[in-house]
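Given next are the chains, with one letter for each unit.
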Amino acid sequence: MHSHVDAGPAPAGAAGPRRLDRLGLAMRASHLLFGFLALTCLIFAALAWRTGDVFYLRLATEALIFAGLALSVDILLGYTGLLSLGQALYFGLGAYASAVTLKAGYPVSGALGAAFGLSLAASLVGGLIVSRVRGVYFALITFGLAQVAAKAVYNTRELGASDGLIGVPVMPIHLGVATVSSDSPVGFFLFTLAFMAVLYGAVAYLLDTPFGRVLIALKANERRVPYLGYRPERARLAAYVLAAIVAALSGALYPMLRGFVSPELLSFTTSGNAVITVVTGGAGTLVGAFYGSLILTALRSVVGSWTSHHLIVIGLLFMAVVVLFPKGLAGFARSWVEDRFARTGSL
Amino acid sequence: MTRITTTTFAMLASVALAPLALAQTGPIKIGVDTPLSGTYAPIGQQVRWGLELAAKEVNAKGGIAGRPVQLIFEDEEANPSVAVQKADKLFQVDKVDFLTGTVNSGSTLAVGQIAERTNKLMATTVSFADSITADKCSPNVFRVNARAEQQSSALAAWLMKTNPDPKVYLLGPDYEMGRSTVAAFQAGVKSRGGTILGEVFAPLDSKDYSQYFGQIRAARPQVLYTSTAGNDTVRLLTQMQDFGLLTNLLVVGASGTVTSQNIGAIGSAANGFATGVGYSPEIPTAENKTFVDAFRAAYKADPDLYGADSYGLIYFYKAAVEKAGSTETDKVRTAMRDLQWDTPQGRKTMRAGDHQAVQTMYVVRVDNGKFAINAEVAGDQAIGPDLCTRF
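Chains as they are written, first to last, in this note's numbering: chain W, 1 to 347; chain B, 1 to 391.
One or more of the hints may lead you astray.
[Stated by the list, open to error] Below 27 Å or equal to it, Euclidean Cα-Cα: the simulated DSSO-like pairs (lysine-lysine) are:
id: 1; chain 1: B; residue 1: 61; chain 2: B; residue 2: 370
id: 2; chain 1: W; residue 1: 151; chain 2: B; residue 2: 207
id: 3; chain 1: B; residue 1: 120; chain 2: W; residue 2: 103
id: 4; chain 1: B; residue 1: 289; chain 2: B; residue 2: 318
id: 5; chain 1: B; residue 1: 370; chain 2: B; residue 2: 56
id: 6; chain 1: B; residue 1: 95; chain 2: B; residue 2: 331
[What the hints assert, rightly or not] Partial chain W-side listing against chain B, Cβ under 8 Å, derived:
id: 7; residue: 161
id: 8; residue: 164
id: 9; residue: 179
id: 10; residue: 181
id: 11; residue: 258
id: 12; residue: 269
id: 13; residue: 305
id: 14; residue: 306
Don't read these hints as lab results, they were simulated from the structure.
This one's a predicted model, so the numbers in the text were calculated from it and none came from an experiment.
Backbone N, C-alpha and C fix where the C-beta goes; we use that ideal spot for every residue, glycine too.
Start from the sequences and build out the full structure, keeping to the hints where you can.
Here it is as structure tokens:
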């Protein structure tokens, strides 16, 4: 399904600092696509700001936040070959941690810190269980863990139970050079875009290191990985923790945007949507999570206003994408960019 | 230079004012943010029917203050995240004057906050969580339907009137909603001088309730209150019937315990079951008969409480806008406070202190597989104290 996985090592003698193997080339292509996406977002922001728009800016901000969740799914699904059906657990954990922290009067940095710390601790515990299994068992256990957490939140009165928590205050975000308010549509959109660029950059960097190659090896043939001197459980645990932190940091932005959290954020719908987003955008491309989320969010909004049978329409489109673009939309675009890179030598 | 500036200013002003002038003469837009797909779709359907029927009637008689009513629907999927996104669209893109439709309490609370931050007004016609007009009240949120406390208070008041000093046992499903409904009814009975013999909570989706029958029998209650729902009620009541526990026992419960969906499966074990509700198609008034006939003629279905309360909402908004002489938020809010308006359930009053509608409540009992109105409870006897401290 993903050509770069099957790609052999770089040709002998081609190991110069500027020559890239297929995986490095693919990553370069992803970076280029991300740059294009960021540029499009900036043009959109300028246009929306000029016309005084509020709704589309907030919708795009939400799409970027859910792209962060999809990115975390891609670390597991696209790189490590593990289907997580419960990634909303960490997204919701980050959202609730952020909401509670902000409501207690702490600044945005405190909210992000709380989301990071809690997700690190929770994913280490959860990871001890799930890193021992793979395949369908991994999917089932992640699904089960998320359901348990969702039910627990649903019944905890201190966390607002089924009603969720409202009244998350509007917060100023201090960035050193500038301060943006979380209720400024364009300001918070740009902050979220920058935040997601950092997340994408960090994840892409980590996955381009030997650690990333071990994850890809796990996906390709796990039985051979011990012969290379790596322990599959540890690599799997690391991937799981990394994905959890990415999901939680993305989730932490949600209450800043919408001012509330609810147990539905931890539901299977949220996890399932993230998987659909990654598959549509292109698993194993990282950037596909962003394209997938922006396109699907826009489609859902437009089709949802047009007909109440929007789920059928979205479902048919999803099936069409899977059949016509098995690598996903960004995966398709990336192959094209990769070929151009390969022909012109390097970037 | 000055001339150019003046001209530019005049142009800008005319551009800025044009939509405003248009807004005062064009249709009055009401956004409906309600579940049209998924589990709650049947409720959203009733909301839609009720609103559309009332809008049609109002438009046929000249609209609201001479302006036609336009309803704009969005599917909120009973998910607060979606509801908030759709509410944002209705307010920002469609520029609706008023918002309604949210069903689950989480959506109502989250959308209410959006309304407050956008300085618009909204009302729910379905959500019954007490918090919406109590500790989490908002100056921009109104509720035209009865809240949970009104339902349980009406039931408790009726219970005390029919048998003084009842000995009550409580059995609830073991989750947040189950525990809060049991606590509310318990408080209602105690404050009126009744006796609570004990309470027990069974897990959701319990298959076997007989394990609780021993303690219930030993307590010798005259009344059993339960807030189970769906198939849980079917199993609870049929198993109690099998064990002979229903003889000389009055079973009462929450409004969602026995419904048209599970009453057939419960069979004769449902007979005598009583609950407090804000609406029943059986209400014997001329206004309700007209409403039910019009509803049946239009949609080939009976209205339920969601349809009736949503129908009444359009008349509530009409009365408020016509009293205010404007659709501006502050003026309409002032007009809505203490407003009295007519609905199929009779005259309702919007309490100014917490934006909760006060209305006559009804106790309905199952008689041969069908609900029949047993008693009326006056609005002031069922409405609890005003617990809203924000305005």
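(message) So, as I understand it, the hint says residue 306 (chain W) touches chain B; can you test that by seeing if any CB pair is closer than 8 Å?
(response) The hint is violated - residue 306 (chain W) has no Cβ within 8 Å of chain B, the shortest such distance being about 10 Å.
(request) Against chain B, run the beta carbon of residue 258 (chain W) and see if the smallest gap drops under 8 Å. (result) holds (5 Å)
(request) Would you mind confirming whether the straight-line C-alpha gap from residue 289 (chain B) to residue 318 (chain B) stays at or under 27 Å? (result) holds (22 Å)
(request) Using 8 Å as the Cβ threshold, decide whether residue 161 (chain W) counts as touching chain B. (result) holds (4 Å)
(request) Please verify that hint: residue 179 (chain W), Cβ, nearest Cβ of chain B, below 8 Å or not. (result) This hint is violated: residue 179 (chain W) lies away from chain B, its Cβ roughly 20 Å from the closest one there, beyond 8 Å.
(message) Need the status of pair residue 95 (chain B), residue 331 (chain B): alpha-carbon distance at most 27 Å?
(response) holds (18 Å)
(request) Would you settle whether the hint for residue 305 (chain W) is holds or violated, based on the nearest Cβ-Cβ distance to chain B being less than 8 Å? (result) Since the shortest Cβ distance to chain B is 6 Å, the answer is holds.
(request) Measure nothing beyond the straight line between the CA atoms of residue 120 (chain B) and residue 103 (chain W); if it is 27 Å or shorter, mark the hint as holding. (result) Cα-Cα ~24 Å, so holds.
(message) For a C-alpha distance cap of 27 Å, please report whether residue 151 (chain W) and residue 207 (chain B) respect it.
(response) With a Cα-Cα distance of about 20 Å, the restraint between residue 151 (chain W) and residue 207 (chain B) holds, given a limit of 27 Å.
(message) Does residue 56 (chain B) sit within 27 Å of residue 370 (chain B), going by the straight-line distance between their CA atoms?
(response) violated (31 Å)
(message) Check the hint pairing residue 61 (chain B) with residue 370 (chain B) against an upper bound of 27 Å on the C-alpha distance.
(response) Measuring from Cα to Cα gives roughly 36 Å; hence the hint is violated.
(message) Does the closest beta carbon of chain B sit nearer than 8 Å to the beta carbon of residue 181 (chain W)?
(response) violated (12 Å)
When each numbered hint is compared with the structure, violations occur for hints 1, 5, 9, 10, 14.
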